[in-house]
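**Q** The listed protein sequences correspond, in order, to chains C and U. Quick note on this note's numbering: the first sequence kicks off at 28 and runs consecutively. Quick note on this note's numbering: the second sequence kicks off at 53 and runs consecutively.
There's no promise every hint is true.
[What the hints assert, rightly or not] Simulated pairs of lysine-lysine, BS3-like, Cα-Cα distance not exceeding 27 Å:
no., chain 1, residue 1, chain 2, residue 2
1, C, LYS553, U, LYS352
2, U, LYS374, C, LYS507
3, C, LYS530, U, LYS374
4, C, LYS530, U, LYS247
5, C, LYS446, U, LYS352
6, U, LYS74, C, LYS507
7, U, LYS247, U, LYS374
8, U, LYS90, C, LYS445
Bear in mind the hints are in silico, worked out from the structure with no lab data behind them.
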Amino acid sequence: MLVSWELLKNFIDIEPIDLTPEELAERLTFSGSEVEGITYTAGKMRGIVAARIDALEQHPEERKYSIAHLNTGTGEHVCITSAHNMKAGDMVFYAGEGAVLPDGTEMGTRDFAGVKSYGMMLSAEELGLHDVDDPSGLLILPKDARPGDNAASLYHVGDVIFDVSITPNRGDLLSILGMAREIRGLYPKSMLKVPEWMRPLKQDKEWCENFGSISLPDKGCLCYRLGLATGAKMAQSPLTAKIDLAHLGMRPIVNAVDVTNYIMLMLGQPLHAFDLNTLPEREITVRAAHTGEHMMTLDGKDRALTERDMLITSGGEAIALAGVMGGEQTGINDDTSTIVIESACFSPVRVGHTSRRLGINSEAAFRFSRTVDPALSRTALMAATTLMRDWCGAVVDYKPLSAENETYTPKPVKLTRKKLSTYLSWDNMNEAAKILDGFGIVSVGENEFMPPTWRPDITIEEDLIEEIGRFRGYNDTPDKLPGEMPRRADIGSSMELASFIRKSLMARGYTEVVTYSFLPEDFPEKLRLSPDDIRAKTLTLANPISRDQMAMRTTLLPGLLMGLRTAIASGWREPVRIFEQGKIFLKDDEHEHIEPDHAAAILYNGSDTRSPSGNRTEDFYSVKADVEALITARGYEAVFVAGHEPFTHAGQTANVFVGGKNIGYVARLKPAIEQELDVSGVYVFELDVSGLEQAKKPEFTPASSFPASFRDISLLVSIDKSNDNVMKDIRECVSSDGEITLEGLRLFDVYVGKGIPEGFRSLAYSLSYRSHTRTLKDEEVEAIHNNVRESLKQKGYVIR
Amino acid sequence: MPEGLNINAVRASFFEALNSSKTLQELDDLRIKYTGKKGDLTLLLRSLGKLPKEERKDAGQELNALRDEIELQLEQTGKKIRDSENEQQEIHERIDVTLPERGRTCGAFHPVIQTMHEIANIMQGLGYSVATGPEKEEEFYNFECLNMPSWHPARDMQDTFYFPDGTLLRTHTSPVQIRAMLQYGAPLRIVCPGKVYRRDNDTTHSPMFNQMEGLLVDKDVPFSVMKGTLTEMLNAFFGRSLKSRFRASYFPFTETSMELDIECVECSGHDEHCRVCHGTGWLEVAGMGMVHPNVIRAGKIDPDEYNGFAFGIGLDRMAMLKYGIGDLRLLFDGNISYFMSGFGGAAKC
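Just need the whole structure built from these sequences, with the hints factored in.
**A** The structure is reproduced here in structure tokens:
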């Protein structure tokens with residue numbers, strides 16, 4: 028919110044009197060209202076003064092120019108303008124030779140077709156006052172301006188504007204009055220005061236036009252008041268008011284409307300001005316909308332309503348969405364002379380609901396949803412009618428009409444020394460009471476404090492402590508650490524596992540990435556997932572930012588592929604090894620979903636595989652080694668079984684089993700997908716790692732102190748038979764008579780080619796036999812190994 | 053002693069031959085020539101028997117001494133030759149150790165995840181356990197339990213992603229506070245790291261980012277402990293003692309509420325054109341406060357008996373500050389070229 032230093036002075040005499048805007052900003056920031064910027068509206072302005080146009084003549088050559096003879100009190104100046112809205116005797120702002128405009132432009136002399144112009148007369152725009160006046164004409168000053176007066180000190184031209192971020196609990200600060208009260212709390216020696224136009228006004232005349240009733244069947248309207256102004260003349264507002272409005276971010280429109288905006292900015296009470304003659308009937312009812320009811324709001328949009336919305340109606344016709352936005356037809360127009368001013372208070376809950384649901388964040392809705400002081404409506408209405416008199420020349424001594432429902436009344440809040448001392452490590456109750464009093468929270472009994480009507484946010488003891496805390500500041504509190512806990516701190520199994528996996532994969536050459544949890548809607552199709560695949564049944568956002576970030580990921584693969592694509596697009600020709608850990612989102616059925624922790628990686632050799640030690644040749648088996656290492660290091664055995672995934676190479680895919688459970692896959696990417704990415708040879712794995720959280724305790728097997736004996740065996744095997752199956756057969760063939768065991772079995776050669784029949788391959792294994800009790804004799808080993816050979820022959824193997 | 057087999061002559065000829073031996077092969081030949089089965093020395097020893105008894109003993113001792121000397125000399129010279137040959141071999145096998153390593157180079161960490169683990173470890177040292185919760189969250193835990201009913205204007209501060217069934221992507225890690233209180237009760241000390249989501253996307257906002265929530269619930273918890281905890285955590289994370297300051301603020305789920313600024317980690321307030329703090333000298337790093345009694349109550353803990361504090365820090369921001377990263381959006385595009393050149397990994401691979 029924008030706050031004006033000049034306008035604050037209407038409401039408060041700040042003590043210390045030499046307080047600078049910067050000091051005030053710092054104090055506000057530390058006490059909870061962050062000042063995000065300070066603007067000196069005069070900017071670099073220098074030497075601009077008020078001047079009277081003594082005489083005006085047409086340029087002898089160029090008819091579009093006028094030559095003005097100006098009086099600045101210190102001499103006469105000649106100045107040329109192309110504007111037409113001035114006449115002799117008018118007061119204007121004049122920037123003479125050497126004067127500087129707010130934007131830093133320095134004035135000089137300029138030749139206009141043979142006539143010299145010394146500086147220029149200014150429009151509002153050139154003074155940095157946007158929207159205040161017609162930008163093509165000169166800004167004509169009120170008659171009371173005196174030649175030679177410095178522009179920066181007139182009509183609030185030179186103001187200081189604070190941009191303050193008001194937290195949602197402090198609706199009371201959304202006005203100059205509210206800020207003045209806050210400043211008074213922060214600088215308790217300051218004195219609040221009441222501006223002229225807020226003084227009580229005698230209003231006892233009956234309305235000259237009959238007005239029926241105001242009825243409030245909806246309790247969400249706490250009170251509703253109408254004031255009357257007759258004989259108003261629609262015109263521009265006083266210059267100072269227009270400049271104030273502009274500085275506070277509102278465009279001056281016409282005096283009657285400006286009055287309502289001005290009062291809202293000054294006091295925080297949203298107001299609405301109707302032309303009495305446009306009201307359908309001279310009656311107002313504030314009621315709940317009916318579900319299905321529609322209304323056209325001021326912004327030309329048709330709004331579908333529910334029974335939580337409130338309508339202001341007249342003669343059964345909706346004229347405003349209460350507290351949120353007016354309707355189309357009742358506004359002020361150029362011919363308006365009889366004005367009805369509405370000053371009401373609405374429930375923050377109801378207005379909050381409506382404005383959030385419809386996405387209307389009007390000034391009124393913003394304030395009502397943050398709570399407007401219910402006691403304010405009467406004062407604000409009176410002030411508004413006073414300004415209607417002053418700015419529009421209206422007659423305003425009519426008795427206001429009112430209707431009220433039950434409204435919010437503050438309740439006393441207790442403050443205990445114990446809690447104060449616990450929270451703030453400070454417990455001076457007398458000081459505390461003084462601090463609270465500064466904020467208008469008065470002592471009403473033994474440690475009991477009554478918040479003012481504008482502070483409905485104060486309801487519990489902690490709220491009082493916060494007022495004291497933010498007044499005192501928190502920086503002097505000592506630093507302490509908590510005492511002991513009855514249990515140790517646990518990093519948690521999922522965090523521990525994540526830490527293990529990232530360190531392991533990093534050491535194995537992978538780089539950690541984080542990609543978005545939401546993916547393009549069509550990612551399941553891109554991955555060739557069939558509609559009944561659980562990964563194709565995505566959770567989809569109802570309000571995504573874009574279609575590219577819409578479906579919650581059911582696999583980490585698309586994010587990694589995106590990373591690969593980005594790397595390649597950025598000119599990366601080296602290998603890409605990236606991994607990610609994170610949650611995926613699987614939908615079980617309509618209302619259930621689970622978020623398992625996954626780890627996934629991709630490996631790509633890069634487009635330039637040359638190296639002095641031969642071309643890089645990482646493949647399926649490289650990634651398999653990485654996966655096996657991860658699982659083995661957690662104490663589990665990984666079993667790889669030829670498998671299938673819709674997005675992987677049909678001949679190079681293994682499912683990974685741990686403890687009999689399929690936890691993921693290792694594979695080469697489907698060549699068709701590789702082609703889409705314009706790469707070849709992308710290897711991937713993705714695991715559901717939740718089963719690895721509890722590291723399995725390794726079993727201890729003492730090493731034998733007796734040497735092992737090694738024998739090789741070479742088998743001719745059908746290519747359809749997997750290595751795992753052959754190894755299983757070999758193990759089965761070793762007679763388990765206890766003492767001598769087959770300790771190791773290792774494949775060391777795979778051969779296909781000359782001498783091997785079509786459809787077969789030769790697999791060569793090294794077997795190691797060992798006893799834990801003695802050194803084996805050669806003959807014993809030979810005997811056992813021969814048995815193995817014989818048994819394998821019986822199983823149908825051909826031994827080479 | 054027989055004529056012609058003079059011991060001194062044998063010794064002299066051996067040393068002459070030894071001195072001219074340059075290879076292990078020559079040395080071996082020498083060994084055979086003198087101490088082999090038909091070697092000169094062996095023959096001399098054999099001929100001892102022919103000597104008269106009184107000469108035999110002395111000659112025997114002399115010959116044995118010569119044999120020991122020859123064997124020692126052969127061994128020593130052999131060792132010298134082997135050493136020299138190995139030395140030559142090593143010189144011959146010299147490689148350029150600055151050629152690139154074979155196989156994979158080390159990977160690199162992601163700065164935000166690294167930050168997450170670092171801070172969780174620091175907090176574990178202060179007695180905080182890690183608690184987790186779902187990212188797809190219910191309105192109840194994400195907002196209502198945290199004192200933010202649907203009409204509440206504070207909801208404007210957190211633009212939310214919804215699912216069609218009314219559930220949402222959590223907008224902060226604070227709902228884990230509630231879940232943890234319900235699960236573990238009091239006293240409680242937890243941190244909850246994780247992804248959070250807001251419907252916001254520009255140069256300084258990402259629709260997905262990372263937070264860490266901290267919560268302590270106990271009896272008579274003073275603000276000073278929260279202050280001490282955060283100071284300790286930040287100093288440990290940045291590795292030095294940083295100036296800090298607390299500003300009053302507002303969060304619906306804490307009362308009293310404040311924000312924490314630390315001195316600019318880039319310029320410590322000495323550079324008015326600092327790209328990190330924009331010349332203010334301060335960086336906003338955390339929001340916090342004493343937990344609102346309504347929130348304690350929502351966690352089924354009695355606020356008359358227990359109180360506590362909670363804080364939330366932006367992990368992405370912490371990582372960006374610590375590692376000097378300028379653009380938030382670079383963190384989530386998975387581009388290895390960025391990370392490898394920027395974080396620990398070498399640009400070569």
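**Q** Would you mind marking each hint as holding or not holding in the structure?
**A** Now the hints, each set against the structure:
no.: 1; hint: C:LYS553 to U:LYS352; result: 47 Å, violated
no.: 2; hint: U:LYS374 to C:LYS507; result: 25 Å, holds
no.: 3; hint: C:LYS530 to U:LYS374; result: 20 Å, holds
no.: 4; hint: C:LYS530 to U:LYS247; result: 20 Å, holds
no.: 5; hint: C:LYS446 to U:LYS352; result: 21 Å, holds
no.: 6; hint: U:LYS74 to C:LYS507; result: 79 Å, violated
no.: 7; hint: U:LYS247 to U:LYS374; result: 19 Å, holds
no.: 8; hint: U:LYS90 to C:LYS445; result: 110 Å, violated
Checked against the numbered hints above, the structure violates hints 1, 6 and 8; every other hint is satisfied.
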